[in-house]
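Chains Z and F are the protein sequences, given in the same order. Numbering-wise (this note's numbering), the first sequence opens with residue 680 and increments by one. Numbering-wise (this note's numbering), the second sequence opens with residue 106 and increments by one.
Read the hints as simulated data drawn from the structure, not as lab findings. Just to be clear, a hint being listed does not mean it is correct.
Unchecked claim - Covered stretches of chain F, as calculated for chain Z (at least 3 residues, CB under 8 Å):
no., region
1, 264–273
2, 358–367
3, 411–422
4, 425–432
5, 436–444
What the hints assert, rightly or not - Computed far set for chain Z versus chain F, every beta-carbon distance over 12 Å:
no., residue
6, Tyr-702
7, Ile-734
8, Asn-736
9, Glu-744
Just so we're clear, the structure is a prediction, and the values are computed from it rather than from any experiment. Here a beta-carbon is modelled for each residue, glycine too, at the ideal position from N, C-alpha and C.
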Amino acid sequence: MEILEFKYKKVDVQEIIEVVEKYTKPSGLLCNFFIFKDQLFCEIKREDLKKFVEILNKKPELSFEYLKCITAVDYIDYLEMVYLFYSFKNQWSINVKVKLDALNPQVDSIYEIYRAADWYEREMAEMFGINIIGHPNLKPLLLSGDEGFYPLRKSFEIKWEEREYLPPKKFE
Amino acid sequence: MLYEENEILIDDLPKDYMEVNFGPHHPSTHGVFRFIARVDGEKIVNIEPIIGYLHRGIEKIAENRTYIQFKPLVDRLDYTGALNNELCYCLTVEKLMDLEVPERAQAIRVICAELNRIAAHLIFFGSIGLETGAFTPLLFGFLDRENILRLLEMLAGGRLTFNYITIGGVRQDMPKGFYKKFNDFRKEFPTKLKRYEELISGNEIFINRLKNIGILKKEDLFNWGASGPTLRGSGVKFDIRKVEPYSGYEKYDFEIPVGKNGDVYDRYMVRMEEMRQSLRIVEQAVDSLPQGEFQAKIPKVLKPPEGEIYLRNEGTKGEIGFYLVSKGEKNPYRLKIRTPSFSHLNMLNFALSGTYIADAIVILGSFDTVMGSCDR
């Protein structure tokens with residue numbers, strides 16, 4: 680195998696936006712870009728996710744071939760899935776955000792494009808109750824599956840049981 | 106006649122594979138990990154990993170604690186490389202708060218993170234020996250790890266879960282006797298490492314056992330989200346310490362070892378070479394340790410501004426990352442922990458399908474997973 684070498688490269692966030700928009704504008708995808716602490720965030724519609732991710736992965740100029748992780752955040756009014764992608768070739772990072780309905784959260788699976796998404800999607804499904812459409816094996820991963828609640832939702836609170844201290848009874 | 110009939114029958118039968126259970130309490134699974142392997146003769150058709158035996162809900166606990174209260178729990182993720190986890194968590198909070206860390210603290214952080222990396226790789230050295238049937242490396246590995254733990258004990262006061270790196274610096278300054286103790290260590294460690302390599306790495310039985318098994322291509326590794334020495338074993342010269350330098354790593358001179366074939370032997374050799382490079386970094390950091398403060402001034406109650414951030418660093422097993430969402434309160438709103446072991450075990454079905462049962466343990470061992478960091 681040949682050796683791929685990567686060295687430190689200064690990344691211009693504006694350049695990423697330019698190249699991504701070059702491919703998304705013709706296909707009519709709406710992306711909302713914003714930058715926070717040198718990180719690029721991109722908000723897209725739930726329906727466009729699979730199309731958008733395919734562009735990120737397949738276009739050789741972008742080649743975001745690495746999925747760092749998938750996470751979700753519960754904002755009570757709505758849920759948000761965050762996909763963190765990385766491109767080895769350009770050393771670019773992009774964080775893709777998708778807003779989901781709080782009552783009926785569902786999103787397309789990207790397992791077909793990124794195999795790394797397999798367990799992350801299963802984890803988000805059991806922790807937040809998000810329905811991942813098209814995932815081949817949507818089973819509980821870390822939990823047993825019969826809890827009846829979604830632990831990482833804000834509606835689930837850790838209850839501290841306060842126990843009264845009773846002095847030991849005298850042995851009579 | 107009967108023989109012929111049987112032959113036809115076997116061909117007509119639907120292929121029914123035997124299921125072999127493995128774990129959860131098996132010494133070579135590095136914790137409580139279970140998988141069910143469907144085998145066809147001696148070959149594995151596919152496996153079904155089952156995790157979650159060590160799930161403690163650390164991400165939920167983080168939402169109910171302050172930033173400083175949560176920090177000791179970060180050690181419990183990957184307990185072989187605890188300081189690397191702490192470093193990543195503290196850097197994440199510091200970046201969100203725009204906190205400047207004194208140079209002396211940065212250097213001490215690098216020293217302890219790299220010493221911990223050597224300690225973690227020595228455990229790998231011991232366990233890969235066990236998995237191939239050699240008991241000696243385990244004893245040698247743990248003997249040398251003991252020396253490193255004594256050095257870390259001088260710094261931090263702990264041996265496994267340190268709680269040493271704080272937000273804004275480190276908890277205490279480097280003690281006076283450290284330099285002398287470290288000099289003893291740095292004199293003897295390279296010769297010891299050479300001796301181990303003579304004992305194991307050049308051993309013909311060991312090489313034949315590890316070469317050409319568990320070969321992984323880099324395109325597949327990208328797609329499955331592999332990182333760290335697993336990725337470097339397949340010929341990808343990628344190290345977050347070089348590409349996205351943090352905590353002053355850009356000041357130190359070190360090489361990134363890579364493998365050529367992407368088999369188990371390459372992953373092993375990458376880790377062995379990495380120990381030498383880590384020692385080089387520690388030597389440079391100790392020799393050029395700047396004077397000054399070891400802790401920045403931070404408020405008593407930490408309230409990072411609103412925002413979200415993902416920061417990653419090179420852990421002992423691969424990419425550790427923290428995704429932190431803050432709402433300007435004293436507790437994190439959401440904290441997602443990305444751990445290398447989770448991604449590597451996700452890949453396990455792909456890596457093991459089509460290999461022999463006897464190789465399965467070795468391939469699993471070559472990823473060097475820790476279940477505490479996988480299950481969180």
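A quick look at each hint next to the structure:
With 0 residues bearing a CB less than 8 Å from a CB of chain Z, the region 264–273 of chain F misses the requirement of three and the coverage assertion fails. Coverage of the region 358–367 of chain F by chain Z holds in this model, with 4 residues showing a Cβ closer than 8 Å to a Cβ of that chain against a need of three. Three residues within the 8 Å Cβ limit are the bar, and the region 411–422 of chain F against chain Z gives 5, so the coverage statement holds. Coverage of the region 425–432 of chain F by chain Z holds. Counting CB-CB distances below 8 Å, 3 residues qualify, and the rule asks for three or more.
Coverage of a stretch by a chain is defined here by at least three residues with a beta carbon nearer than 8 Å to that chain's beta carbons; for the region 436–444 of chain F and chain Z the count is 4, and the condition holds. The non-interface label for Tyr-702/Z is consistent with chain F: the shortest C-beta to C-beta separation is roughly 20 Å, beyond 12 Å. Every beta carbon of chain F lies more than 12 Å from that of Ile-734/Z, the smallest distance being close to 16 Å; the non-interface claim holds. Not every CB of chain F is more than 12 Å from the CB of Asn-736/Z (nearest about 9 Å), against its label as outside the interface.
Non-interface call for Glu-744/Z relative to chain F: violated, since the shortest CB-CB distance, roughly 4 Å, does not exceed 12 Å.
Comparing the model with each numbered hint stated earlier shows that hints 1, 8 and 9 do not hold.
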